[in-house]
Amino acid sequence: MQLSRDELRTAYKRMCLIRHFEDAVHEEFSAGNIPGFVHLYAGEESSAVGVCAHLDDRDAIASTHRGHGHCIAKGCDPKGMMLEIFGKKDGLCGGKGGSMHIADLSKGMMGANGIVGGGPPLICGAALTAKYRKTGGVAIAFVGDGASNQGTTFESYNLAKVWDLPVIFVVEDNRYAESTASAWSVGGSQVGRANGFGMPGEEVDGHDFFAVWESARQAVERAREGGGPSLLHVKLYRYYGHFEGDASTYKAPGEVEQVKTQFDALDMFKQRVTETSLLGPDELEDIEREAREIITDCVASAASADAPANSDLLTDVYVDYKF
Amino acid sequence: MQLSRDELRTAYKRMCLIRHFEDAVHEEFSAGNIPGFVHLYAGEESSAVGVCAHLDDRDAIASTHRGHGHCIAKGCDPKGMMLEIFGKKDGLCGGKGGSMHIADLSKGMMGANGIVGGGPPLICGAALTAKYRKTGGVAIAFVGDGASNQGTTFESYNLAKVWDLPVIFVVEDNRYAESTASAWSVGGSQVGRANGFGMPGEEVDGHDFFAVWESARQAVERAREGGGPSLLHVKLYRYYGHFEGDASTYKAPGEVEQVKTQFDALDMFKQRVTETSLLGPDELEDIEREAREIITDCVASAASADAPANSDLLTDVYVDYKF
Amino acid sequence: MPTKSFRDALNEGLRQEMERDDRVIIMGEDIAGGMGAPGEDDAWGGPLGVTKGLMPQFGRERVLDTPISESAFIGCAAGAAVTGLRPVAELMFVDFMGVCFDQIFNQAAKFRYMFGGKATTPLVIRTMYGAGFRAASQHSQCLYPLFTHIPGLKVVLPSNPYEAKGLLIQAIRDDDPVMFFEHKVLYDDEADVPDEIYTIPFGEANVTREGDDATVIAFGRMVNLANEAADKLGAAGITVTVVDPRTTSPLDKETILETASETGRVVVVDEAHPRCNLATDISALICENCFDDMKAPIKQITGPHAPVPFSPSLEDLYIPKVEAIEAAVRELVGKGH
Amino acid sequence: MPTKSFRDALNEGLRQEMERDDRVIIMGEDIAGGMGAPGEDDAWGGPLGVTKGLMPQFGRERVLDTPISESAFIGCAAGAAVTGLRPVAELMFVDFMGVCFDQIFNQAAKFRYMFGGKATTPLVIRTMYGAGFRAASQHSQCLYPLFTHIPGLKVVLPSNPYEAKGLLIQAIRDDDPVMFFEHKVLYDDEADVPDEIYTIPFGEANVTREGDDATVIAFGRMVNLANEAADKLGAAGITVTVVDPRTTSPLDKETILETASETGRVVVVDEAHPRCNLATDISALICENCFDDMKAPIKQITGPHAPVPFSPSLEDLYIPKVEAIEAAVRELVGKGH
Ligand SMILES: Cc1ncc(C[n+]2csc(CCOP(=O)(O)OP(=O)(O)O)c2C)c(N)n1
Ligand SMILES: Cc1ncc(C[n+]2csc(CCOP(=O)(O)OP(=O)(O)O)c2C)c(N)n1
Ligand SMILES: [Mg+2]
Ligand SMILES: [Mg+2]
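Residue numbers (this note's numbering), protein chains in the order written: chain D, 53 to 375; chain E, 53 to 375; chain B, 2 to 338; chain W, 2 to 338.
FYI, nobody ran anything at the bench for these hints, they're computed from the structure.
The reader is advised that the hints may include incorrect statements.
As the list claims (entries may be wrong) - Here are the simulated BS3-like cross-link-like pairs (lysine-lysine), alpha carbons at most 30 Å apart as the crow flies:
1. B:K119 x D:K141
2. W:K322 x D:K141
3. D:K159 x B:K336
4. E:K159 x E:K186
5. D:K186 x B:K119
6. B:K119 x B:K185
7. B:K119 x B:K233
8. E:K312 x E:K141
9. B:K254 x B:K336
10. D:K186 x B:K233
11. W:K185 x B:K254
12. D:K65 x B:K233
13. W:K185 x B:K296
14. D:K159 x D:K186
15. W:K254 x B:K296
16. D:K141 x W:K185
17. E:K322 x E:K312
18. W:K119 x B:K296
19. B:K254 x B:K53
20. B:K185 x B:K296
21. E:K322 x E:K65
22. W:K119 x B:K254
23. E:K131 x W:K119
24. W:K53 x B:K254
25. W:K119 x E:K141
26. W:K119 x E:K65
27. W:K296 x W:K254
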């Protein structure tokens, strides 16, 4: 299976949008313009984009606390996202959710999640709806390596298997859960666990967009055709700290730089498409510039946007409630 | 490794005690003399006894809602148990726990459990204490096939593996969780799951005391020597309904009788030890008669024992509490 | 009107809503039963038979048996609810909330708020509660105060078969997540229940007795004890208003405050443990709003601050009694004239 | 006396108890940090640095980092407690209770009762709570009313560094399971804290201000707001008694009822959501016991019945204010003369 030029352009654009989005959030956070707990996805772009490239409006994803990349990859509006992260009224969630609860159900993005392991059960529900309604839709749960040890995650593996749901569990193993190494915290292996539950599982180089894309293609196709759940163990790396403010002293000296120079997802993508003449360097530069401009504009809008009205405090608790 | 005559006698006695205990509870329940939810272990005797044969006072077990057999196998006093099940003051738990919460910490029996999947985390704690104190103790979690799908169980597999705890997970697969077949509810396989978490796992014929005994011996030895956790998938069968009162219509007609005639744990034990002249038929009969008498006596004591005092309602909530 | 048990009223409510709306699906452990087993299909129809007969009528696509994985299937129901279905999940005993509470209180309950009003989560969780079955500490709790505390959840406590059906149908049609509490001792209670579909609105209390001397506010199974106490007191010339709020969230504050002000003497009866429960909730509400009308302290009658014991004699002591309600009313009526 | 932060007071309490008693072990996610990682050992010392330095002193045998598996490790701590250790487990945010509540409320809390008094469970669960960090709905809740409801648990809410150390040491020495709540906004607060080991007994309220006109009863972080309000009111000639119960279970009913009776006017301040919370609990208690002494209704000041919003402006609105306490006292003082 071959990616079209358009698909490649879209993929690169999304990866650039994510990278610039996260770099911008990092800067704005450092400048004191963004409050709260913010977890950045920079370095992991090819996972979200490589997986979501196969999805359309029938499909749903459940994200994690590190959700910006998944949002952008699934087609959420970066401006609405940035406003949300700034806590503004016109943010995707009206400023009530923030970075950890960013969601856009109209795009099949079922929410970042402040609870590690919160997403997998929920995505079984989206998959059940798709199966019940026979839409052909599939559902993806992104799961961190840390979240891969949470009981809710395992239960979801089993439920998806037993109910034969169109779910793909994408374990994004960025080596750490907070400061704890996945090499320590994960007993056995991700693929071994998947197999133990009767699901196919595959290990993928998450720095390589094309590897992710191809593995995800097979898993999505299997699920769409009624072949049930499966798991991808995507090995990648996060450039920033666990959250903004983390000094990352648990990483080895030079570790980040090494990954950045040798395994950067965007660089690897560029190299591959230029080497094979699928896209030209100028084209790539244009796409990147465009992405940068979009994000700059997002930040400017977010900074000057209005806060929610005070009366918003008590709305949206219920659809309908007699107080 | 060979069982001594004394060990064989003890094992058979415990299996008989369990069988008669459960048959007696069944009768007393049917006669309306025992209240509440009661889950009987008849048919599964060789699992509890085969595993606990390797344990001593340093060791702990965590049981399930179907706990009578585990109690007896770990050395709890059947009379105290029967009184407890009748809700009497001198029951093992003062009548406050009943069948589902029977426990005797002084014997390393950490409690039956009304919560499916409640035991595995707790047993990690007993194992941690043993490891920290360097007692050489091991800790066993009995887990039903249904409980093997609970998130708490999987988390415990991983914690035990990652912390290298001396735990053995004994999955007692009696084909059903309530009315649901394990053939349906368990995605993958028990051994596959154990391996997925990096633990050794083994499937065992649970009707065969000797098979259980040998597999448990290896697992306990491994754990005692610092070799970490492992899992036994013990395949067996329960003779009675899920709880007393269950008509068991989910079983195939004749299913119970077939197992009883072909795979009865006590019959198989008897056959094996007489065939190999390890114990004589008279000896076995004496042991069985003795067990029956003990249980008859337990029931008589329980029926005539005193209920708790009304003032017991509010004691034992705290060790120390300023009301 | 035909007489039906609490159990059958629930069954009928579920069936009629499933017939009416194909988005309604149900799931839980052994709610049909016999899954994968060689014997009878629909072998259980739920641990207490509430869902019996639904699988044969609606098929396994709409009546889903689950593995014992409450987090996964309750969360799955929440996820199905935000994506267009109207699931009714059964949490067999509310005591099992501890293995799945996150999916209820942090996920389903908060979607709408966290997502800025853009999510709708029409999820019902049916669950069994209460003492009286000799089921001991891990199968006899009330726990509805914990759910009432959580913004985003609605909490329903029917006290009789009529309410059971009408409130359940309302719960299924409601667009917010609803915790539906069924007292295990009520399942065999019988009463007149219309064959037709009907709903009972949330947040509207039922005044089951009217009187002048005192008000008794009671929840769930306790309503029946309050009625009995009122009838006995009535025979002795003391007339009592009994209020059954039916839902604790939303709460019909108006009726509560009105009747409290009218009689000036209030007893609140709540089977739950005494700390931070509904008795304190209602008592504090009245105390803040009807101060000038109160003629006597507000009495709370609750279960004790102890787990539920197994032994029948202790469990019987544990559960609030009709006599205690009577005595409390008599004590209050003796005061503040 | 040396000045220490709330964080350092906790750290010191843990360290001194670990030095004194080798049965005390601690566990939690990243409480040392850097487990299996190539960089620094003790890289985190807890998400908020409370346990920093303990691993280097006591080693990885006593300072146990865990996978993200709260049920497993909290249950493990409970199991270690009944078998002879005295574990202090960290539940990073109390909001995560939903993935491990069973091991707390059905297991640890009920062992002793279910087992007829034969179990002792000296378990401490330290946890972070409260709003003010722009951490949004799933990282800002109070939830202590839920734990206060459960028999068998003790619940501690220190309001300052002095209490933090003394109550934590008491919690570790206590033979019952203790939920120890640390408000995230308090960690950097500083106060005089003795270097020596000391304990503060459970169930003994601290009266932080004495006055005649009204009583304010407040919990955890809210105590500081109550004190501030009292000082402002004092400057305006209204004197207020402020009560910090310090533990909600056990509760020092005597001090609460005594001060309530003395002033006859009470405001209860609880950051938690309003339904079935501590404000209702205290209010109902006073209302049942001090009826004749009350000069005015009991006012409840609480967070709203809504999840905690992310947006700073909304979150600031969410949290109870000093001005609201002042206004409530003024309103009461205007009444019932
Ligand atoms: C139930 C729960 N436990 C703990 C946390 C705190 N926490 C937030 S993110 C995180 C680490 C998650 O690691 P991983 O799943 O690998 O995702 P990553 O941050 O690496 O993307 C932890 C422990 C939480 N939010 N929820
Ligand atoms: C958390 C929880 N969920 C559900 C139940 C209800 N329940 C009690 S026993 C049981 C079946 C358990 O099956 P299994 O683990 O196979 O044990 P078995 O009864 O076969 O010995 C169920 C569903 C429970 N007690 N706790
Ligand atoms: Mg990670
Ligand atoms: Mg079973």
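Quick rundown of the hints versus the structure:
{"no.": "1", "hint": "B:K119 x D:K141", "in the structure": "13 Å, holds"}
{"no.": "2", "hint": "W:K322 x D:K141", "in the structure": "23 Å, holds"}
{"no.": "3", "hint": "D:K159 x B:K336", "in the structure": "63 Å, violated"}
{"no.": "4", "hint": "E:K159 x E:K186", "in the structure": "19 Å, holds"}
{"no.": "5", "hint": "D:K186 x B:K119", "in the structure": "24 Å, holds"}
{"no.": "6", "hint": "B:K119 x B:K185", "in the structure": "36 Å, violated"}
{"no.": "7", "hint": "B:K119 x B:K233", "in the structure": "51 Å, violated"}
{"no.": "8", "hint": "E:K312 x E:K141", "in the structure": "36 Å, violated"}
{"no.": "9", "hint": "B:K254 x B:K336", "in the structure": "25 Å, holds"}
{"no.": "10", "hint": "D:K186 x B:K233", "in the structure": "59 Å, violated"}
{"no.": "11", "hint": "W:K185 x B:K254", "in the structure": "34 Å, violated"}
{"no.": "12", "hint": "D:K65 x B:K233", "in the structure": "77 Å, violated"}
{"no.": "13", "hint": "W:K185 x B:K296", "in the structure": "43 Å, violated"}
{"no.": "14", "hint": "D:K159 x D:K186", "in the structure": "19 Å, holds"}
{"no.": "15", "hint": "W:K254 x B:K296", "in the structure": "23 Å, holds"}
{"no.": "16", "hint": "D:K141 x W:K185", "in the structure": "26 Å, holds"}
{"no.": "17", "hint": "E:K322 x E:K312", "in the structure": "14 Å, holds"}
{"no.": "18", "hint": "W:K119 x B:K296", "in the structure": "46 Å, violated"}
{"no.": "19", "hint": "B:K254 x B:K53", "in the structure": "37 Å, violated"}
{"no.": "20", "hint": "B:K185 x B:K296", "in the structure": "36 Å, violated"}
{"no.": "21", "hint": "E:K322 x E:K65", "in the structure": "11 Å, holds"}
{"no.": "22", "hint": "W:K119 x B:K254", "in the structure": "45 Å, violated"}
{"no.": "23", "hint": "E:K131 x W:K119", "in the structure": "17 Å, holds"}
{"no.": "24", "hint": "W:K53 x B:K254", "in the structure": "49 Å, violated"}
{"no.": "25", "hint": "W:K119 x E:K141", "in the structure": "13 Å, holds"}
{"no.": "26", "hint": "W:K119 x E:K65", "in the structure": "27 Å, holds"}
{"no.": "27", "hint": "W:K296 x W:K254", "in the structure": "19 Å, holds"}
The structure fails hints 3, 6, 7, 8, 10, 11, 12, 13, 18, 19, 20, 22, 24 (numbered hints given earlier, in ascending order).
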